[in-house]
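Visitor: Residue numbers (the numbering used here), protein chains in the order written: chain A, 17 to 262; chain B, 370 to 857; chain C, 918 to 1028; chain D, 597 to 1054.
A couple of the hints might just be wrong.
Stated by the list, open to error - Straight-line distance between alpha carbons at most 25 Å, and here's what the computed PhoX-like set of lysine-lysine pairs gives:
#1 B/K788 with D/K1021
#2 A/K249 with A/K176
#3 D/K671 with D/K846
#4 C/K1022 with C/K945
#5 A/K167 with A/K118
#6 D/K1021 with C/K1022
#7 D/K927 with D/K846
#8 C/K940 with D/K927
#9 C/K940 with C/K1022
#10 B/K393 with A/K176
#11 B/K788 with D/K671
#12 A/K118 with A/K249
#13 B/K394 with A/K176
#14 C/K945 with A/K249
#15 A/K249 with A/K167
Source of the hints: derived by calculation from the structure; they are not laboratory data.
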Amino acid sequence: MRAQVFHRWIGAALCLSLGWWMWRGLIVSADPSLFGPAAYYVANTASDTGASNIVAAILFDYRGFDTFGEATVIYTTVCGVAMLFAKRRLRRSSWGLSPIVKRGMGMMVPFILVYASSIVIMGHITPGGGFQGGAVFATVTVLFCVIYGSKFEASRISPKVKEVIESSGALLFAAVGLWGLAEGAGFLANLDAGFSSGPIGSLFSGGAIPLLNIAVGMKVGAGLSTLFYSMIKILEDPAEGPPPEV
Amino acid sequence: MNPVLAVVAPLSVGFLVPLVHIFKKRHTGMSVIISAGICSVVSAVVALSGWDGVAVTMGGWTPELGISLMVDRLSGAFLLLAATGFPISLACSMESFGYSPWRFYVLFFLSWGAVNGIILTGDLFNMFVFFEIFSVAAYLMVSYPPRSWQAVEASFKYLIFGTVGAMFLLLGIAYSFMATGQLNLGILSQMMASVPPVTLSVIGGCLVVGLFVKSGTAPTHFWLPDAHSSAQTSVSALLSGVLVKVSVYALIRLSFLLFFPVMREVFSVILFLGTLSVILGHLMAFQQEDIKRLLAYSTVAQIGTILIGVGCASSFGVSAAVYHCFNHMTAKMGLFLVAGALAEDRASRDISHMSGLWAHRPLFVAAFALFAVSLAGIPPFSGFMSKWLLLLASTKEGHIVPALAIVAGTVVSSAYYLKVLRAFFSPSETPVPHRRPRPVSGRLVALLSVLCVLLAAAPFIPGASSVLFSVGDSAVDGASYRDVVLGK
Amino acid sequence: MIHVSYGCAIAIFCIGLYTLITKRNLFKTVIGLSIMEGGVLLFMVASGFIPEAGPPLLPMVGGSVNPLPHTFPLTAIVIGASDVALALAYIIKIHRHYGTVDVDKIRGLRG
Amino acid sequence: MSFNPDVLSLVMVFLAIFMTFCSSLYGGRRTLPRLVAPCAFCLCACLASIADDWLLFIVFLELSSIALVFMVGEKDRDTARYYLYTQLAGGGILLVATALGSVRGFSIPMGPVPEGVFPLFVLGLGVKAALPGLHFWLPKTHSQAPAEASALLSGYAVKMGIYGLFRIVLSSSTVLMSLGALMAIWGAVMGPFQSDAKRLLAYSTLSQLGFMVAAISTGTELGRIAALAHLISHALAKGLLFFSAGGLEKIWGTRDLALTGPTFRSHRWMFFAFLIGALSMAGLPLSPGAWSKGLIKLSLEGHDLILLALTLSGVGTSLSLCKMGYYGFLKPFYGAEKRSIPGVVPLCSGFSMALMCLAILSLGALPPFRPVGSSLSSVLPAMVGLSLFVLIPVPFRPLSRPKDVEDMVPCLGDLFSRFVSSVRKLHSGNLVAYLFTLVTVAFVVLNFLQNAMKTLRR
C-alpha cells in the first residue's frame, strides 16, 4: 500500500513539474491581433469561398484536406470496430420501452431528421456542418435501439446499406476533390474548380462546401450508427421476454 | 504527377473496397491486387517525378493559406520504401488470409494512404491528422484477427501509447501555433528563429517525445514488441518494415526543418535515446524465447541505429540513416516472413521448438540466414554497409559512445541470430507437422533476398551513392525546402 | 485573463497525465486520455482568443477571434472520439478474456 | 579502396597459402563444405594482407575469422561462438577506430594511423593479437579447436593482429614493448603448468607473440625484420607442434598429458617431427627459431629489462616443450594405466607434417633473412629450462591448470546476465508502469532542452 502512495506522489510531482515547464514556455502577447493566415481568412472568406461561416470555410475549403483526413479517421475506426466485433449475429438485448414512448418517438423522428439535415445542409452559413449533423443522424438510430428494441433498426436498415452510404460519402468527398484536380485548380479546389456560389448567406452559396458537408454527413451518420450497432452486438440477451402487449 | 494522387489513390481504394465487396463480391480479390499495383506505381511515379522538388497546394491557395504537399528527395526515398513494402505485405496477407477479410484490406489501404500523406505533407497539423489515420489503422491491423487475446491486448497497449504520443504531438503543434500562428512547415522553419528559446524547447520536447513514442524508441518502446510479435506475419512485416520508418521520417523532417538551425540540443536527445534503444533492444532480443518477439526487439535496436544517424545532425548521417532504413526494411520484412512461415509450420513460435527446419524448408532457412547476417552487420552484406556509414557519421561528429554501441550491438545480435539459426539447423526427431505450400511467400522472400544483395552493392555504384548522399542533403537543406514549398 | 485559460489547459493536460500514470482501471486510463485531449484542445482555442472580438461568422460586428484555432479542435475532437471509441471497443474485448479491467492483472504480454 | 601488395604483405600471403595448404592436407579426407572453409579463410586472409586501407583490411580480417569459426566449430560449437564474439568485438573496435581516424573519405590508408586513435587501434588489434588481458579467448579457443584449426589460428590468424601492429607502430613505444615482454613472461609462466597439450602450446604462442610485439615496438628496421622473421619461424614451428598435438589426440583420444603415454614407441616419426618443431621453437642453433630469436634480441639491444624478460621466457618455453615431449611421447605407462588400443594417425597428416619439417629445416639451413649476430643466444635459456625440468620435475606434473584471465569470463557473464535480467524486469507488462516511464522520459527531455536553451542564450 505504501508503495502505491509513493507511486502517486512521484506521479503527481512529475506531472506538476512537467506542467511547470510547459507553463514557462507560454507566450502571451500583450496586444493580440489577427496575423498570419487568420487575418487573410477573416478578410477574404466571403469573396474566396462564398461561405459565411468562416470556420466551415476553413474546414472545407482552405484546409479541406485536413477534413478529408479527419473523416477518414472516423471511417477507419468504424471499419475497425466492425472488424473487431465481426462474425457475431446481432442478438436481441432489449425489447424497447412502452408503446407510449414508441408512439411519441414516432412523432419525434421526422423532426429530428429535419433538424439533422438542416445542420448538414446549412453548415456553411451557421455553426454546424457535416460532423454535427451526422452525429444527430446517428442519434436517431441510437434512439431507435433504445425505444424500439435492439433489433428494430437493424431489421429496417441493413448494415450493408449503412456501409454503402458511408463509403459513398467518402468517395463523394474524394470525387469533389478530384474534380478540382481535373479542372486544373488543385485538389479540393472550390470556386476555382467551377462550383458556383450564390449570394452570401443563402442556402446555395459556398460552392462545394455544402456538397462536402453532405458527404461528411453521410459518412459520419452511417459510421457512428455502425459503430453503435457493432458494439451492442455483444450485449447479452435479457432474461425476461418481451413486455406484455397492452 | 500531382503528389496528391499518391495520397488519394490508396484512400479511395480503401473507400471502394466495401462497395466492391457488397456489389461484386467475386471481384474483391482481383480488384484489391490491381489497385495495390496502381497505388504502388502512382507512389513510385510521384517519388521519381518529384525527385528534384515539387510542391502543390490544395485547392489552389497559396502555401500560407492552404495545405501544401511536397516531394523532395527525402520524401521520395521514403515513398519508394512504402511503395515497396506495402505490396509485399499485401501479397503475403493475400496468401495467408485469402480474399475474405475485406475490412482488413480497407484498413490496409487507408494506412497506405496515410503513410503517403505523412511523407508528403508540408503542414504540421495535417501531418498529425495523417498520423492518426495511420495509427488507428495500425492498431486495428495488429488486432486482426481479433480472436487472439494477445493481439487485442497488444493493440490496446499500442493504442494507449499511440494516443498519448499523439497528444504530445498535438500539444507541440498547439505551442508552435501559439508562437507563430503558422502551420506550413516551410514558413514555420523560417519563423522558428524568432521564437523565444524556452517556448522553442517546449515545442521541441513535445514534438520529439510524441514521435519517439510513435516510432518505438527506448524507453518508450514498450508497445512495439507486443504489437509486432502479436500481429499476423504480414502485418508484423509491414509494421517493422514500413510503418515505424514513417515516424522516423517525420522525426527527420521535423527536427531538421524546425530545430536544425536554432536548437541543436534536440539532436543530442535523439542521439542519446537512439543509443539507449540500440543497447536495450539488443539486450532484450538476446533473452527472448519467442522468435517474433526477438525480431520485434531487434526492430527497437535497429530504430535506435537509424536514430543515431539522425542524431548526428549531418547530411551524411541522414543519408546513412535512410540507407539503413532500406536495409532494415528488406531484411526485417524477410525475417518476419520466414519466421512467420516456419512458426506456422511448427505450430509454435518458441525457438527451442524450431528444430529440423533446415530439412523442412532449406531455402527459407537460407534466406533467414542471409537476412540475419545482413542485419547483424557482418561485412559484405547490406547491414554492414549502412552500419559502417553510420559509424563514420557518428564519429565524424565526435560521438564515440553511439559508435561503440552499434558495434556491441553487432556482437549481441550475431549471438541471438546464431541461437535461432542453431535451432533451425539442429536435427529433430519429431517431423514438422504442417507442410502447407507457400509459393507466394517463397517468391517474396526470394525477391527480398535479391533486394538485400542489391542494396549491399549500392554504395559501390557511383550514381547510386551520389543519389544516396543527395537524399541527406535535401533533408538538411531547409532553404531549398522553403524555396520549393513557397514556390520561389 | 488569458493566462488563466492557458493555465487551466496545462493543468487539465497534466491531470490527464496523472490519471494515466496512477489509475489502475482501464476505463480510467481512457478517461485520462480524454482529459488530456481536452486540455490540448482548450489550449488551442485559447491561443486564438482576442479580447472583445466576436465569433467568426460573416455578417461580422467588430473584430473576430482567430478562426483557425477553432478548426483544429473540430478536427481533433473527431480524432479523439475515434480513439476513445476504439479504446472502449478494445476494453470490451479485453474484459471478455481476462474478466477484469485491472491493469495489474492484464499482463499477458511481458518480458 | 584498392589492393596494393608490398613485401610484408607478400610474405603474409605466402605464409597464409602455405599454412592453409598444410592444415588442409593434415585434415585428410574431406567433404565439400569442409574444403570450402579453409579456402575461404585463405582467400580472405590473403586479401586482408594485401589490402590498401584499413577498412578493407578489417573487413577481410573479419571474414577470415568467420571462415575460421566454421573450422573451429567442427568439434565444439561453444568454443566457435566464443571465438566469433571475441573476434567480432575486436573487429568492431577496429572499425570504430578507423571511423574515428578517417576525417574525410570513407577510410584511412593502410599504414600509420592518426595520433588520437592509436590506443583504440592497439586495443582492437590487441584482441586479435592477444595482448595481455585481451588474450582471454586464446587458450580456450586454441585448445578446444581441431588440430588443423588450431594450427591455422596460432600459425596465421593471430599473426594478422601482429601484421596490423606492423602497420601502425613505426616509432619506438615503451608501453607496447613492456606489454610484449609481459606477454612473453605470462605465456612462459602459465605454459609449463598446463596439463592440456594444446593449451600448453597456446600459452607458448602467447609468449612468442610477446617476442614479436616487443620487437615491433622498437620501431627500428631491424626490429621489424626480426619480428617478421620470428613470425614466419613461429608459424611453421607452432603449426608443426599443433599437428603433433593433434596426432597425440588422435592416438590416445585425449589431450590430457597425464593420460598420454609412450607415443615414441609406436610413432617414432611423429616424435621426430615434434622434436624439430620444439627445437626450432626453443631456439636451437641452425633452426629458424634460433635465427629469429637472435635477431629479436639483437634489435632490443639497450633495453636490458625487456631482454631479461625475453630470456626468462625462453626458459619457460623450453620447460613447457620438455613437459610436452616427456609426458606426451616418452613417459612409459606404469601398470594399469595402459590404454587398450591406441588410434592411428592418417597418412596425409604425416605428409603434411613432413612438409612442415622440410620447410623448417630448409629455412634453418638457408635463412632468407641475413643472420646477424649470434643465433646462440637462445641456447642458454633452453638448456636452463631442460635442466630445470630434469632436476625439479614435481611442479610440472600434469595435474591441474592454473587460473587465468579467462576464468573471469564466467563471472563477467554472470554479472552481465544479472544486469540483462534486471532490464527484462522493466518489461513487466504493466501498462501503468510503462506510461510512467513515458512521462518520465517526457519530463527529462523537456528539462534537458530547457536547461540547455537557458545556458545557451545567456
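Visitor: Each hint: holds or not?
Guide: Evaluated hints:
| no. | hint | result |
| --- | --- | --- |
| 1 | B/K788 with D/K1021 | holds, 22 Å |
| 2 | A/K249 with A/K176 | holds, 16 Å |
| 3 | D/K671 with D/K846 | holds, 13 Å |
| 4 | C/K1022 with C/K945 | holds, 15 Å |
| 5 | A/K167 with A/K118 | holds, 14 Å |
| 6 | D/K1021 with C/K1022 | holds, 16 Å |
| 7 | D/K927 with D/K846 | holds, 18 Å |
| 8 | C/K940 with D/K927 | violated, 78 Å |
| 9 | C/K940 with C/K1022 | holds, 13 Å |
| 10 | B/K393 with A/K176 | holds, 13 Å |
| 11 | B/K788 with D/K671 | holds, 17 Å |
| 12 | A/K118 with A/K249 | holds, 22 Å |
| 13 | B/K394 with A/K176 | holds, 13 Å |
| 14 | C/K945 with A/K249 | holds, 24 Å |
| 15 | A/K249 with A/K167 | holds, 10 Å |
The structure is inconsistent with hint 8 alone, although it conforms to all the rest.
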